[in-house]
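Asker: Okay, here's what each chain looks like letter by letter:
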Amino acid sequence: MSARARVPWGLLGVLAALSVPFLGSRYYTFVATDVAILALFAVSLNLLLGYTGLVSFGHAAYFGVGAYTTGLLMKKAGVPFVLAFPAAGVLAGLLALVFGFFCVRLTKIYFAMLTLAFAQIVWAICFKWNDLTGGEQGMPEIPYPDLAWLERLPLVGELRTSDHFYLLTVVLVALCFWLLRRVVGSPFGRILTTIRENPERAEFIGVHVRRWELLAFVLAGAFAGLAGGLFGIFNRGVFPDFIYWTKSSEVLIMAILGGMGYFYGPAVGALVLLVLNQQITSYTEYWPFVLGSILIVLLFAFPGGLVGALDAGRRRLLRLGRA
Amino acid sequence: MQRRMFLILLPLLALALAGPPAALAQKPIRVGFPMPLSGPAALYGDPALKGAQLFVEELNAKGGVLGRKLELLPRDSKANPDEAVRVSRELILKENVDFLVGTLTSAEGPAVSVVAKENKVVFIAPIPKTDQLTAKDKLHPYVFRVAATTTMEGRSIAEIVAKWGVKRIATISFDYAYGQDVTRAFVEHIKKIKPGVEIVDQQWPKLGEADYRPFINAQMAKKPDAVFSSIWGGHFVTFAKQAKPLGYFDAIKYNFIGAGEIAAPETTKAMGAEYPVGIWGNTYDAFYWDAAPAAHHDYTARLARFLKDDAPSSWSIQTYIAMQFLTAAITKAGGTDGDKVAKALLGLSIDTPHGKMTIRAKDHQADRGQLYGKTVKDPKYPFAIMKPLTYVDPAKFMD
Amino acid sequence: MPDPTFLFAQSLSGLTAAMFLFLIASGLSLIFGVLGVLNFAHGSFYMLGAYVAYQLVQVLGRDPAAFWWAALGAACAIAVLGGLVERLLLRHLYAKDVLYQLLFTYALILVLSDAAKVVWGTGQLSIARPPELAGATRVLGTLVPHYELFVLLLGPAIALGFWLLLHRTRAGRFVRAAALDREMLGALGVNVSRLYTSVFVLGSFLAGLGGALIAPAKAIVPGMDVEIIVEAFIVVVIGGLGSFWGTFLGAVIYGQVLSFGILIFPRFSIFSVFALMAVVLILRPWGLLGRPLKT
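Residue numbers (my numbering), protein chains in the order written: chain X, 1 to 323; chain F, 324 to 722; chain A, 723 to 1017.
Okay, chain X solo, but in the shape it has when bound (with noise of 0.2 Å):
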């Protein structure tokens, strides 16, 4: 990544995102929101997807387990946001230890289907637990993080309370973007790809293959947690549906669908899906039939994911340009 030297990308990224709230529409700021938390959840879900070659159906589990602690701190314990949000980090990622434990010890469709009991394991307790979750009905009316100071400052201070969330959302996010790049890009990153290409070799050369697949495991349930803890507060509320498999399956198609190959394919897919899923539900009743039927001409357009598209057509270009 020569460009990181040259231009700030990221940094660019960023602050686009941050300028939403200024484009006047309540609804850009609702949407934004949303791409920007689900983007996180996929690409916490790539860490194991992508990086290590995990196929988990049960993410929503980690997401979902965030989305309650830092819920149920913040509403019924009134614990400040600073707390509740990297608790939801800590809880879930100490649920993914416990469960990634009997996981890792598992190969493809058995690993995938263990995460999957698990998950569904967690979403019943939740569903059933209605003294603490709330059951079904869930736990409406997570109040917003204190950002008071925000309305002192120039600018800023104009904007409403959702704004400012976003805001909040954002730097958090791109924060969590910069921890996960330094993990994935880090000597821990590459022995999980090696893991990927072949556990077997891996092992051989001496890669104590579970204990990684167990740390990949901890740290995709950690993000996907912090995910879930923002989620809960711009859902205005915390439900059993967080965890239920579908929600799993969901950004696992968010993941294949950008790309699985690149860093930010499960952010841009979790955005097309979301955008399509909103333009598409607005439209016409019948979005199931018009959503699958696109998902199924992308999946056959772009093999590889969109990311995976745009690269090679970015590769094309530049190779025309050269010659």
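Misleading hints may appear alongside valid ones.
To be verified - Within a straight-line C-alpha distance of at most 25 Å, the following computed DSS-like cross-link-like pairs (lysine-lysine) qualify: (1) K486(F) / K385(F); (2) K459(F) / K128(X); (3) K76(X) / K461(F).
Honestly, the hints are just simulated from the structure, not real lab data. Quantities reported herein were computed from a predicted structural model and do not represent experimental measurements.
Mind docking chains F and A on chain X? Use the hints.
Answerer: Just chains F and A, lined up with the frame of chain X:
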């Protein structure tokens, strides 16, 4: 590198997100309508949408309200609170709807209520029954309900069962909010008004259980005299298809009463001769309700024409009444200002196809009863109907 | 409390639940075992099977064997649909990551569920039990409906039929070989592509048949596709991939766990199948009768 792609995509998406241009001149009043339109709950969401559409069509043909037309914006909430919140916010933020009418499940209602409160948009729930929606700590100026509550439904049924002279009662309900709440309301009320009864068994299949046989068998083993069920709608069809051949209804001598609209014409029609005729059930509406107020006959005829169905749906009435209330409140408030309409709804009485109905000022709850009765075969119809059909006025056990 | 009649009845009801599930899971297991495809749209085929059967019953009307013709017709129709899907679309994804197949079948669920909604609406539909099986017989003091009895016998019959097909025919040997090593099979001159299509068609046939046969015991409603798929997958995985008897065993155990689980923990139903899968996979990482996977 991919980040650059990301940046290229952003403006494109911004373009795609831009909504249609605002309508000109006499703008219609926009009503957002989040409702499950896909998946299992579409069974009710779809006719519910039709009821609102009928109302809007008729009203607009007559010139609308305060000279403005109504515009209904339906969105699929997928019977999922998360999605219901998402589409409700989209309706408010992007489509600038003036009001929200809709939601079906007990999880969707309270979730959307929060959105309504934060955006100060009047929200009328036509179907969710959960007590939580209008509970004291959840109530806010903008939420209203025209459905019966779980308390009202459970107690209405207890009143009926109390007259059966049965001692050993069993319950079977889905293990989630609606099932738990309505069962609790039933059990508490029957124990109060009929101290001698004993609850001998409680079965809790999961929502949407595919196979009820183990539960049915376990329940029969406890030899109850009567059963209270809240296995609702389409699930009841599956339940009854499995229970009937096992001799379940015979064993309890058809002393079976079901909450959750199990005697709705849709359900008895779907099952035809298979329906366990002789059980008790309820419904929101029945096209064959002879003793109904005059307005009901007219409504049924219009709905039948609208749906092109001689035995029209029982679910449409709920959204029809919700829209009636909304329109009446807009008229009373003289405009679409959220606060004024919310105030106008308090204590508002209107004439519905089911007679006069009032939204109580103290808990924003309409005194909406339901139709109860014993199912019988009638030579006039190829499916079971309830006879006699009783409209149970919930007024005396709303609190 | 353990009255033997009751225990028998309870295990029988669990077994009935199991056989219905096996009808669906068997096709899934076959496709899964041979093609390695996680066909999430299997539930959609099952749902369409029920809808088509309903339609055919309406068309055939008063024919005394209407239900049986309808079931067969529905199964064949779904088999054709499956064949088309495999030939036109799915086969182009075999070379790709298994996840792309997953995305494809996910999209297929969306498309097919909406197609069913357009054709049959959102109402609940129901097929009556065939008249010759409408009655019930008392077995050891328990009332057993004839239709349930039929399904109780059909399940093992299908399993046995499959075993014979896989172990006693040439095509069956190829199928088993394909499950183990598809490259080798191709190298031996077997037309793997045609084999895959046949297996997918057969699997779809079973899904359609399952949907049609379950209809007399279940309401036909939108959403029944997604409702069944996870449970069916779990049964397949519990039994062990590629093992037909494993799927059968998985279904039987699931039925019994559900049946007796609710006696001990009345509110266990929501956990049952997942708890069972978690326990089985922790103790036996490749299912009850499965073999360790090649990596």
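Asker: Decide, hint by hint, whether the structure agrees.
Answerer: Evaluated hints:
Annotation: proposed proximity of K486(F) to K385(F) is violated, straight-line Cα distance about 47 Å (limit 25 Å). Under the criterion of a C-alpha separation no larger than 25 Å, the hint pairing K459(F) with K128(X) is consistent with the structure, at around 23 Å. Taking the CA atoms of K76(X) and K461(F), the gap is about 15 Å. The hint holds against a cut of 25 Å.
Checked against the numbered hints above, the structure violates only hint 1.
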